[in-house]
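Protein chains: 2
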Amino acid sequence: MSRQIYKADRVKRSVLTRLKRLGEIVVSDIENGKFPELRIPARTTRNIIYDEDLRQYVLGSRKIERTTKNIRHLRPFAQLLWIATFAKQLLKTGKSSTLRDTYYVAIGEGIDFDDQNESDEMIMQLECLLDHPREDFHIFPEERASIYGDLIIEYTVPGFRGKRVDLSAHPDGFAIGPALTTAEFVKCNAELVFVIEKGAVFSRFVEEGADKKYKAILIHTAGQSPRNCRKLIRRLHDELNLPIYVFTDADPYGVHIASVLIHGSALSAHIKGINVPDAVWAGVWPSDIRRYRLPSMKLTDRDLKRIKELEVDPRYQIDPWKRELKEFWKIKRKAELEAFSRYGLDFIVKEFLPERLAELQKR
Amino acid sequence: MSRQIYKADRVKRSVLTRLKRLGEIVVSDIENGKFPELRIPARTTRNIIYDEDLRQYVLGSRKIERTTKNIRHLRPFAQLLWIATFAKQLLKTGKSSTLRDTYYVAIGEGIDFDDQNESDEMIMQLECLLDHPREDFHIFPEERASIYGDLIIEYTVPGFRGKRVDLSAHPDGFAIGPALTTAEFVKCNAELVFVIEKGAVFSRFVEEGADKKYKAILIHTAGQSPRNCRKLIRRLHDELNLPIYVFTDADPYGVHIASVLIHGSALSAHIKGINVPDAVWAGVWPSDIRRYRLPSMKLTDRDLKRIKELEVDPRYQIDPWKRELKEFWKIKRKAELEAFSRYGLDFIVKEFLPERLAELQKR
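If you read the sequences in order, they're chains D and S. Read the first sequence against my numbering and you will find it ends at 629, with the numbers running on by one and no gaps. Read the second sequence against my numbering and you will find it ends at 629, with the numbers running on by one and no gaps.
Treat the hints with care, since some could be wrong.
Note that the list lumps identical chains together, so a pair holds whenever it fits in one copy or between two copies.
[Stated by the list, open to error] Here are the simulated DSS-like cross-link-like pairs (lysine-lysine), alpha carbons at most 30 Å apart as the crow flies:
1. Lys429 - Lys481
2. Lys358 - Lys616
3. Lys596 - Lys453
4. Lys429 - Lys478
5. Lys574 - Lys592
6. Lys479 - Lys358
7. Lys361 - Lys478
8. Lys354 - Lys478
9. Lys300 - Lys479
Simulated from the structure, these hints should not be mistaken for lab results. As the structure is a prediction and not an experimental result, all values here were calculated from the model.
Only chain D is shown next, with the shape it has when bound in the complex (with noise of 0.2 Å):
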């Protein structure tokens, strides 16, 4: 058993003294006795701002009180008291947990949620209170992209602690939940990141060599990328230093799940560091739907009052998002990654790929 400290080590013992905190200002405050309050910032579209040292939406200075002087505060305040004290369980446990399990959890102990909503706002309040994610206390996506590479890990979960895989062993790619978002980098050959939307395309880039030619790590979203993935790829970007490039449909669902990797989501303001501000929406955009004349398909009305949506959204007021949009309307069509595949299943990764990159790295 290795004796070093884990990063996951520190995040954990930052989120128990986080905890802690919070348990000694509502005790200190009976103590003296005074009704517990607190103080929890305010996660509305009012309260957002965009840190430009971050590069990312955050939440503003407007808090929201929470007091158990009054009687309709005390309900969402022991609500929230009960999801502090399951996530302690969580983190001295090593256990992991859902949004949905956890509503379960506090069904069965009888916390008085009306549904899983409700639940799930109480565990984004912790998230706010601690400034920490979710998945620092253990509360994972149900969703699993997965990451194939020249990447060794070493793994802290219990069980598992201090034992290595090689990311490199298998071609069809290591699903990426709780072991593989806290484990540490140990080794690392590969230069670049590629993110990719599609199972089909991921395969291709592994079938091509795309890993070897470019050095490249193939991380697959599976669709939007779940929020530990983007943590995962953001540690990628931070502690190796690795270039991010996104590979998406060239349709308004692509297109935002490129951006939410890039920008942070709307639902995720209060919390920082799962964006990746460095990475590089890579294609298809829409303005290669013409360029390389590849088989396209109608937008359709969803798509277009989807598009409009994205339009005034502020995460895409500069290029190339504002471009692509634009394109949208020139062409009224869309496409997606695997349609390279007219001109031969290699195409993708033999002709775009280099040639994607080459004008990306010359900007």
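Given the coordinates of chain D, assemble chain S onto it according to the supplied hints.
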């Protein structure tokens, strides 16, 4: 490099032989001055019969004739031959593809498909003609299941051929893509397989050591099991003689996930060997909702409609299926696998699992 003959190689040889025979029929017809003709098993509900030996629905003896004498048949005839050519290319180059990818390659080569449905249909006709599932000619699903357990595999795909990996090395699971699907089983200390619909429950099983306690391989299907995962489960049963237990939500979708795994899907009645007749649906049964007093939700109108559809499906005319569908009408409620967490995170593995396995093994 291993000089062993892999099963994947035998499959490849079988498909190539049948592809060649298909070509020879066409060529010899032409050389004999005849219009080439093919007789393709009819994939209609009227031609589906239950095979008692195989314990799955299979196609009956009705065939459709495709003859180049008929000008309306010329187009699908040519499309089918193109798909056969593409299948041969995939096998010869060791590359893989998906239904969608294949459609784009077809477009690029000027093959006249109206849309992907049409190329999908031709791929299924080729499956019928060759009596091989499309995975055997390297057309894989886009979706990824994952696997974890005490099993060492050896790859047969180019670039990894002869290399081995221990599937107990990564507790979040190994993604099941083309490489894992075609791998050889080298060494297995596991004694059974748990197939699990939900990622949260897969992680729970790992964290509570269900794999060690039961010497179990764990498979996470992430919803409906992709076809190549079903095939892999079938192989774990046939080649390693492992009993298979399936865990799904107690809702009409969960029930059907278990049923398709066991009985096969209507869409793939023309394909043998991708269902697992000996697999056992181990829960959550709708009757478990009352028995374990699980937190549950009201069945929606959509759920009720789906249950009615299942009730007229021939696969649901015997127990436990029939009995459990009836239970839905009695309680009008559904529950998720995670609902056991009401009794604590470890309940599902420590209490429910041994109880259910004892019960099933007694029968």
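Verification of the supplied hints:
no.: 1; hint: Lys429 - Lys481; result: both (24 Å within a copy, 20 Å between copies)
no.: 2; hint: Lys358 - Lys616; result: between (49 Å within a copy, 19 Å between copies)
no.: 3; hint: Lys596 - Lys453; result: neither (47 Å within a copy, 58 Å between copies)
no.: 4; hint: Lys429 - Lys478; result: both (25 Å within a copy, 17 Å between copies)
no.: 5; hint: Lys574 - Lys592; result: within (10 Å within a copy, 47 Å between copies)
no.: 6; hint: Lys479 - Lys358; result: between (43 Å within a copy, 22 Å between copies)
no.: 7; hint: Lys361 - Lys478; result: between (36 Å within a copy, 17 Å between copies)
no.: 8; hint: Lys354 - Lys478; result: between (43 Å within a copy, 26 Å between copies)
no.: 9; hint: Lys300 - Lys479; result: neither (65 Å within a copy, 50 Å between copies)
Of the numbered hints listed earlier, those contradicted by the structure are 3, 9.
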